[in-house]
Amino acid sequence: MLRVTNIDVAYKDVQVLWDISFEVNQGEFVALLGANGAGKTTTLNAISGLLKVKKGAIEFLGKDITQLPGYKIAELGIIHVPEGRRLFPEMTVRENLEMGSLFPEAKAKRKETMKKIFEQFPILEEKQNKEAGTLSGGQQQMLALGRGLMALPKLLILDEPSLGLAPVLVTQIFDNIKEINNEGVTVLQVEQNVVQTLKMCHRAYVLENGKIYTQGTGEELLNDEHIKEAYLGI
Amino acid sequence: MEDAWIKFGQTVICGILLGGMYSLIAIGMTLIMGVMKIINLAHGALVMVGMYVTYICSTNYGIDPYIGMFIAMPVLFLLGCLIQKYMINRLVEVDSILPENQVLLTVGIMLVLTEGIRLFFKSDYRSVVTSYSSNTVFLGDMSISVPLVIGFIIAMTFTFLLHMFLTKTDLGKSIRATSQDRDAAVFMGVNSSKITMITFGLGAALAAAGGSLLLPLFYLFPDVGHLFTAKSFIITILGGLGSTWGAAIGGLVIGLSESLGATYISMGYKDVVGLVMFILVLLFLPGGIRSLVKR
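Chains as they are written, first to last, in my numbering: chain S, 1 to 234; chain B, 1001 to 1295.
Think of the hints as simulated: they come from the structure by calculation, not from any bench.
Just so you know, even glycine gets a beta-carbon here, dropped at the ideal spot from N, CA and C.
Check each hint, because a few of them may be wrong.
Simulated pairs of lysine to aspartate or glutamate, EDC-like, Cα-Cα distance not exceeding 16 Å [claimed, not checked]: (1) Lys72(S) x Glu83(S); (2) Lys211(S) x Asp8(S); (3) Lys228(S) x Glu208(S); (4) Lys109(S) x Asp1170(B); (5) Lys154(S) x Glu179(S); (6) Lys1168(B) x Glu95(S); (7) Lys12(S) x Asp1170(B); (8) Lys1168(B) x Glu90(S); (9) Lys130(S) x Glu75(S); (10) Lys52(S) x Asp1183(B); (11) Lys72(S) x Asp1183(B); (12) Lys130(S) x Glu95(S); (13) Lys107(S) x Asp1170(B); (14) Lys199(S) x Glu219(S); (15) Lys52(S) x Glu1093(B); (16) Lys12(S) x Glu1093(B); (17) Lys111(S) x Asp1170(B); (18) Lys1168(B) x Glu98(S); (19) Lys107(S) x Asp64(S); (20) Lys52(S) x Asp1095(B).
A few chain S residues that face chain B, going by a derived Cβ cut-off under 10 Å, partial list only [as the list claims (entries may be wrong)]: (21) Ala74; (22) Met91; (23) Ser101; (24) Lys111; (25) Lys115; (26) Ala144.
Okay, the calculated bits of chain S under chain B, using three or more residues with CB under 8 Å as the criterion [what the hints assert, rightly or not]: (27) 27-37; (28) 60-73.
Please construct the entire structure, taking both the sequences and the accompanying hints into account.
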């Protein structure tokens, strides 16, 4: 579904990604793991068109999207839920959700999708007329997920959905994500919360210093000696 | 004693009516500020160009200024879109040019517009005379000029329509979303460069509307724009940068204080009142009116 081939990405003169390649298949839940500064967010920003790729190619559903502007990539069905939620703080919960469904297809089903999202996250329905900036961290993450789902994404890109949340909320958000994936949405997720992510994803890639260090299924990586030492502290 | 109250009431009402039209111009500036994060110092010049369009319609074709504004608005919308797309946007695309320096370009645009107009119309003071220009309505013993009343009503109608546009339509919501978080808006599929262009056009059209409404009340000359840039800048700061409601209220406050200053201090010092308020706001309420409303 998504194929990233040998991409290099640089911020001005400073190169941060070297020769990154990976793919995500239809229906899969793939995680991108790594320490702070490994290049995870940069990889996601390159996919969704926020950053220009210096070398290499990104393909989505057989179409080359390397040079497309960000809004066109979103129109193709790649929806990026960015790190730190990045809601529209002075718009209401409902308006934030509406902003997720701008394209004709999603707009036609706006009411229907919103109803479904309210069923999954009842708190959002309760607070639908409150400004997004007034929500708690967990509620904001739910809204960010909901806003992404409003677009009826084919591929949902999640950047650190557990960031800044209490452990009990992390488990809840991860359950929500698993549920979204089970309903057929392909998920590409970046996480620092390595153990929990490896337990629920199908496959994972590990990034180190801007390069793919290793890859495998969740279980394989959980038993990998280097992973254990570097990320699990065992 | 009676007379003093009449004088006061008349001053307050005239100030608020005038302020309504200032609001419209300042809302245009604050919209552009919100989306582009720069103060458009060519804003007053756009007001001035809009006034000349309405002026030409009126003197050459006999079109009433309140109808002429509906010609000036689309003309300025187009001009604003072109300026954003082909001039300002070229600087936005260069990473090494800071937003602070994009402001310098708007100063250049302001100069070109002002001198361009001077080339065609000279520096002469002009005014539009309509059948109702000097008419007044009486409210008790207070007399209020008709163009002030009509101008205020139209300005408030536009402000209301703009509010509906920004809160009820997808395009309007996209403008607000882009000003709150540009990257997140792009992730949701907003074409941010198109939105930026439209916003600049919209800001210019509002400037033209405000200018046309003020045409029966002000003398028109190429440098009149500086006055409006200064006023809308003060109002934008007073309202809180990027806040449309703040700008609407800020406009009324500035109109009112100018009017009070003109009546009770001296006509010549009326602009000083606005500037003093500007300094006081920067010193004691740097977030503007918007920061008062927030929790």
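Going down the list of hints, with the structure as the test:
1. For a cut-off of 16 Å, the pair hint linking lysine 72(S) to glutamate 83(S) is broken: about 21 Å separates their Cα positions.
2. This hinted pair checks out: lysine 211(S) and aspartate 8(S) have alpha carbons roughly 10 Å apart, not beyond 16 Å.
3. A hinted pair counts as satisfied when its Cα atoms are at most 16 Å apart, and lysine 228(S) with glutamate 208(S) qualifies at roughly 15 Å.
4. Proximity of lysine 109(S) to aspartate 1170(B) is assessed by CA-CA distance (about 15 Å); at most 16 Å being required, the pair is judged to hold.
5. For the hint pairing lysine 154(S) with glutamate 179(S), the CA-to-CA distance comes to about 15 Å; that is within 16 Å, so the pair holds.
6. For a cut-off of 16 Å, the pair hint linking lysine 1168(B) to glutamate 95(S) stands: about 9 Å separates their Cα positions.
7. Our distance criterion of 16 Å between C-alpha atoms is broken by lysine 12(S) and aspartate 1170(B), whose separation comes to about 34 Å.
8. Pair hint lysine 1168(B) plus glutamate 90(S) holds up; C-alpha atoms about 15 Å apart against a cutoff of 16 Å.
9. Distance hint between lysine 130(S) and glutamate 75(S) is unfulfilled; the C-alpha atoms sit about 28 Å from each other, more than 16 Å.
10. The hinted pair formed by lysine 52(S) and aspartate 1183(B) meets the criterion: a straight-line CA distance of about 14 Å does not exceed 16 Å.
11. A C-alpha spacing of about 14 Å is found between lysine 72(S) and aspartate 1183(B), which places the hinted pair at or below 16 Å, so the restraint holds.
12. For the proposed pair lysine 130(S) and glutamate 95(S), the alpha carbon gap of about 10 Å is at most 16 Å, so the pair holds.
13. A threshold of 16 Å between alpha carbons decides the hint, and for lysine 107(S) with aspartate 1170(B) the separation of about 10 Å falls inside it, so the pair holds.
14. For the proposed pair lysine 199(S) and glutamate 219(S), the alpha carbon gap of about 7 Å is at most 16 Å, so the pair holds.
15. Pair hint lysine 52(S) plus glutamate 1093(B) holds up; C-alpha atoms about 13 Å apart against a cutoff of 16 Å.
16. Under the criterion of a C-alpha separation no larger than 16 Å, the hint pairing lysine 12(S) with glutamate 1093(B) is consistent with the structure, at around 13 Å.
17. Taking the CA atoms of lysine 111(S) and aspartate 1170(B), the gap is about 14 Å. The hint holds against a cut of 16 Å.
18. A threshold of 16 Å between alpha carbons decides the hint, and for lysine 1168(B) with glutamate 98(S) the separation of about 11 Å falls inside it, so the pair holds.
19. At roughly 26 Å between alpha-carbon atoms, lysine 107(S) and aspartate 64(S) are farther apart than 16 Å, so this suggested pair is violated.
20. Simply put, lysine 52(S) and aspartate 1095(B) have alpha-carbon atoms about 13 Å apart, close enough for the 16 Å limit, and the pair holds.
21. With its C-beta approaching chain B no nearer than about 4 Å, alanine 74(S) sits inside the 10 Å limit, and its interface hint holds.
22. Hint status for methionine 91(S) relative to chain B: holds, with the closest Cβ pair at about 6 Å, below 10 Å.
23. The beta carbon of serine 101(S) is positioned within 10 Å of a beta carbon in chain B (closest approach about 9 Å), and the interface hint is therefore held.
24. For lysine 111(S), the interface hint is violated, the least distance from its beta-carbon to any beta-carbon of chain B being 14 Å, above 10 Å.
25. Below 10 Å, beta-carbon pairs count as interface contacts, and lysine 115(S) has none with chain B, the closest being about 19 Å; its hint is therefore violated.
26. The restraint placing alanine 144(S) at the interface with chain B holds, with a minimum CB-CB distance near 9 Å, inside the 10 Å limit.
27. As drawn, the segment 27-37 of chain S meets chain B at 0 residues by the rule of a beta-carbon pair under 8 Å; below three, the given contact is violated.
28. For a cut-off of 8 Å, the count of residues in the segment 60-73 of chain S with a CB near a CB of chain B stands at 3, and the three-residue condition holds.
Against the hints set out earlier in the document, violations occur for numbers 1, 7, 9, 19, 24, 25, 27.
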